[in-house]
Each structure stands twice: as C-alpha cells, then as structure tokens.
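Asker: Based on these hints, arrange chain B on the given structure of chain A.
Chain order of the listed sequences is A and B. Here the first sequence stands for residues 1 to 66, numbered as in the UniProt record's numbering. Here the second sequence stands for residues 1 to 392, numbered as in the UniProt record's numbering.
To be clear, the hints were calculated from the coordinates, so they are not data collected in a lab. Hints may be right or wrong, so weigh each one.
Lysine to any residue pairs mimicking SDA-like chemistry, simulated, CA-CA at most 25 angstroms apart [what the hints assert, rightly or not]: (1) K247/B / D47/A; (2) K42/B / Y109/B; (3) K42/B / E97/B; (4) K364/B / R344/B; (5) K247/B / D37/A; (6) K247/B / G15/A; (7) K250/B / G38/A; (8) K247/B / T17/A; (9) K250/B / Q55/A; (10) K250/B / F272/B; (11) K250/B / P190/B; (12) K250/B / R48/A; (13) K250/B / D47/A; (14) K302/B / T290/B; (15) K250/B / V57/A; (16) K247/B / E58/A; (17) K250/B / S28/A; (18) K295/B / L325/B; (19) K250/B / A39/A; (20) K250/B / V29/A; (21) K247/B / T61/A; (22) K247/B / G44/A; (23) K42/B / P9/B; (24) K247/B / V10/A; (25) K250/B / L5/A; (26) K247/B / L59/A; (27) K42/B / E17/B; (28) K250/B / D20/A; (29) K247/B / D20/A.
Residues from chain A that face chain B, not an exhaustive set, calculated with beta carbons under 10 angstroms [claimed, not checked]: (30) P27; (31) V32; (32) L60; (33) T61; (34) A62.
Where a beta carbon is used, it is the ideal one built from N, C-alpha and C, also for glycine.
The lines below spell out each chain.
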Amino acid sequence: MTLTLNGEPVDLPDGATVADLVATCAPSVRGVAAAVDGAVVPRGTWDRVALCEGQRVELLTAVQGG
Amino acid sequence: MSLPPLVEPAPDLSVDEVRRYSRHLIIPDVAMDGQKRLKNAKVLCVGAGGLGSPTLMYLAAAGVGTLGIVEFDTVDESNLQRQIIHGQSDIGRPKAESARDSIKEINPYVNVVIHDEALSNDNVFRIFEQYDLIVDGTDNFATRYLVNDAAVLLGKPYVWGSIYRFDGQASVFWAENGPCYRCLYPEPPPPGMVPSCAEGGVLGVLCASIGSIQTTEAIKLLTGIGEPLVGRLMVYDALEMTYRTIKVRKDPNCALCGENPTITGLIDYDDFCGTVSDEASAATLGSTITANELKDWIEAGKSIELVDVREPAEWEIVRIPGARLVPKGEILSGAALSSLPQDRQVVLYCKSGVRSAEALAAVKAAGFRDAVHVQGGVVSWVRQVDPSLPIY
Chain A
1 MTLTLNGEPV
11 DLPDGATVAD
21 LVATCAPSVR
31 GVAAAVDGAV
41 VPRGTWDRVA
51 LCEGQRVELL
61 TAVQGG
Chain B
1 MSLPPLVEPA
11 PDLSVDEVRR
21 YSRHLIIPDV
31 AMDGQKRLKN
41 AKVLCVGAGG
51 LGSPTLMYLA
61 AAGVGTLGIV
71 EFDTVDESNL
81 QRQIIHGQSD
91 IGRPKAESAR
101 DSIKEINPYV
111 NVVIHDEALS
121 NDNVFRIFEQ
131 YDLIVDGTDN
141 FATRYLVNDA
151 AVLLGKPYVW
161 GSIYRFDGQA
171 SVFWAENGPC
181 YRCLYPEPPP
191 PGMVPSCAEG
201 GVLGVLCASI
211 GSIQTTEAIK
221 LLTGIGEPLV
231 GRLMVYDALE
241 MTYRTIKVRK
251 DPNCALCGEN
261 PTITGLIDYD
271 DFCGTVSDEA
281 SAATLGSTIT
291 ANELKDWIEA
301 GKSIELVDVR
311 EPAEWEIVRI
321 PGARLVPKGE
331 ILSGAALSSL
341 PQDRQVVLYC
351 KSGVRSAEAL
361 AAVKAAGFRD
371 AVHVQGGVVS
381 WVRQVDPSLP
391 IY
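Just chain A, with the same shape it has in the complex:
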C-alpha cells in the first residue's frame, strides 16, 4: 500500500502498523511523534494502529531550542 509520509509517497506492506512505519522510516523511536490524518497517535497504541492505503502520516521530531 502507498501512503504519504511527510508529504512524500512511501510504500509499506499491507497491514503495517504505525510502529512498523516508525521502525522503518524514523532514525529513532525516542523523541518522535506520529500523526495519522492530522491526529497524533499515542505511543502506547502504535503497534495496534494499522495503516490504510492513502493515509497521510507525519513523523515529528522533538526539538529543544528556545
């Protein structure tokens, strides 16, 4: 299936979860937030939330500057 990750198309196996996507595409699990179709998915549910064709996923990284 094809989704949009931070504005770019990305191919993932059918049935992939948010946890799978983060493991594949993020440099680290720590300090990362994942949003699907405009809503953040809580960390504790990443492995239970299956992704679907065409969804918009955003991976956000915490920054510390101020």
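Answerer: Below, chain B alone, put in the same frame as chain A:
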C-alpha cells in the same frame, strides 16, 4: 474547546491605563473585563532568550500585571541575532536584569519579578506556585521535561514552544483539560540526534513567529477568549511558510498524566535526557584531551589525524589548523570510516565536545582503539589557544 478565564479581573484600571490599553478596550471580546484580568495576571517566563524575548515584550505591552523571569545566564554577543529584549550595551549583564529594564521601558506598570537561578527540582515548585500561567522558552530537553512535570504535578497550564533552524512547534499543555508534553513526546530523542540551536543554528526571526503564538495563547488563556491550543500542536515551517495544527489527545498510558502514572514526582532530568549517551560517555573515559594538549601534540610534531566532525557551514566559520572535515553523520553511518588512517592516532573535535564524543564511540567501536576527542571542541581551542579566532 473554549475555557473559562484563568484570572479574576482587577478591581479597576487607572485613567492612564485606560489611555494606554485603549486599542484592547475597544475590542468587544477583550474590553474592560479582559484588560482587568490581564492586569491581575501573574505569568512566568522560563528563559529570557529567543522565545522569552518577544513573549516578555508583548506580554508587558499587553498589560500583564506581573511578569516573572527565570534566567541565570548573561547576555552574549551571539544572542543578539534573535534575543531582541537585549541590546548591545547589555552584553555581559545578567539576562534577567536586561529583560527587566526593557520591560520597564515598554510598560512601567508591569511588576517584574526576577528569579536569578537555574530552574531545578529544588526550586521549581516554589517558583511555579506564585504564577497563574507558565511560558516555556527554555533551550534544552532536561528543563523542558522539568517544566512539564512540575506544571502537571501542580495542575498549572503552560504554553510550550520550541524552535530549530526554520521550524517551530507550539502548544498549550494542561493536563486537567488535555494532553501534556509527555503525551506528545514521552521522552526526548537520543542524545546527539537533535542538535540544539547553539549547535545547529536558528533563524532569528523564527523566535518571533513562535513567541507570538505563545503570547497570543497566554492572553487567550488569561482572559478566557477564543479556542486555546489545548489538545492541538501548531507546526510552523518558515521555508514553506505553512502553519498546520495537528490534534493531540491525552494518552491514557501517559507515564505522568495517564490513568496509572508511573511518574508521581520530579525525577533526575539530566539522567532522563542524557546530555551524552552512555556509549559516548564510556568512549571518552581516558580518551579525552584538552585543547592545550592538542596544541602541544601539534607543536611536538606528533603523528595525528585531526578530524573535524562538524557540518560544512561550521567549518567555514572557524577550524583548528591541520584538520580535515568529516561530518559526524558520515562517521556514524560508517561511510567515512575507511578514510581514517590506521597508522596515525585519530583526534576528533566538534564545537563543544558532545558530537565528537558520539563520533569517538563509533570510531573506537570500528577498531581505532587509540582515538581521542578534544574536550570542549573548537570553542575551547579558541579560548585556550587562539583567541584571535571567532566563536559562534
């Protein structure tokens, strides 16, 4: 979700105050009632730096009655590119005093309270308790988690913002009405993965973009108008010029504000955020030299390979003579390891010694057992060896 005002109105405004705040008073949503609430409000800014500068200045101009400032640092020339509450003549002064003077010039009716100390587990409750609302403008993860945890434990709302290069994020965290920072980011990125502004840079005016969102949210919360950013994350991209909001729900499993919290008091935040990873910390033991030692090695003609692990833009600003540039990422990925010599001792440095420690761990793991890194990086080299060079 609109929320009731955080603050009760002050009894009245003086004739001078009515003149000063007239452009607020004629907005029906603010009016006398809202302005009296601002007058009665006590807001604490943690940090008088990039985000604290515009926030303090606009909160002062808006008529917030009491502004607290937590800040232990002094004004440095490199602050002035973005920390507009300070000026040229303030270099070397405590930031809190410099900020107070600017606030008094903007609005003499503001009562400024200076907390000239670093926020810590020992003082955070005592300081936070005195305020209705907290604005987080700190520059490191350890203090950010301290601010969050203390605010949640005290039941206080706070306005959060963070910036890096061209990107900013902002939200309002208030566990009683929505998520906290840990619901969004349960823990910080691994040490060394996300540079600070001192390491990676920041577009100065980004502070105004995010600071103005924080100030707007503060005013809305204090006066009870509009839809606050509770449960929403604002994401700003200056290069694309886009503002997007992303919904953030309270995480029932949040370690702090969830249904079965495992964090019920303040923790060791330096340890939690790890300024240097365990691997890097172990790698540097017995494998760290000072800038002066490096100078002695170079003058003695010792056979070394001096490697600068910073980014090209930093290399252009200043470098140690005789070095060559191999950015840290190329070392960590393994791509550049084959270019390191086997017959000479490898000496790594970065800006301040954090990134070179991460690189040192990778280099040693790859078999360069005698590799070392330079404590304090090029900044120490400039301070100890060649003060004629620039520091950034």
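Asker: State for each hint whether it applies.
Answerer: Hints versus structure:
no.	hint	verdict
1	K247/B / D47/A	holds (20 angstroms)
2	K42/B / Y109/B	holds (13 angstroms)
3	K42/B / E97/B	holds (18 angstroms)
4	K364/B / R344/B	holds (14 angstroms)
5	K247/B / D37/A	holds (9 angstroms)
6	K247/B / G15/A	holds (24 angstroms)
7	K250/B / G38/A	holds (15 angstroms)
8	K247/B / T17/A	holds (19 angstroms)
9	K250/B / Q55/A	holds (22 angstroms)
10	K250/B / F272/B	holds (22 angstroms)
11	K250/B / P190/B	holds (24 angstroms)
12	K250/B / R48/A	holds (17 angstroms)
13	K250/B / D47/A	holds (18 angstroms)
14	K302/B / T290/B	holds (15 angstroms)
15	K250/B / V57/A	holds (19 angstroms)
16	K247/B / E58/A	holds (12 angstroms)
17	K250/B / S28/A	holds (22 angstroms)
18	K295/B / L325/B	holds (18 angstroms)
19	K250/B / A39/A	holds (11 angstroms)
20	K250/B / V29/A	holds (19 angstroms)
21	K247/B / T61/A	holds (16 angstroms)
22	K247/B / G44/A	holds (17 angstroms)
23	K42/B / P9/B	holds (12 angstroms)
24	K247/B / V10/A	holds (23 angstroms)
25	K250/B / L5/A	holds (23 angstroms)
26	K247/B / L59/A	holds (13 angstroms)
27	K42/B / E17/B	holds (17 angstroms)
28	K250/B / D20/A	holds (22 angstroms)
29	K247/B / D20/A	holds (22 angstroms)
30	P27	holds (6 angstroms)
31	V32	holds (7 angstroms)
32	L60	holds (7 angstroms)
33	T61	holds (6 angstroms)
34	A62	holds (4 angstroms)
Violated hints are absent here; each numbered hint is respected by the structure.
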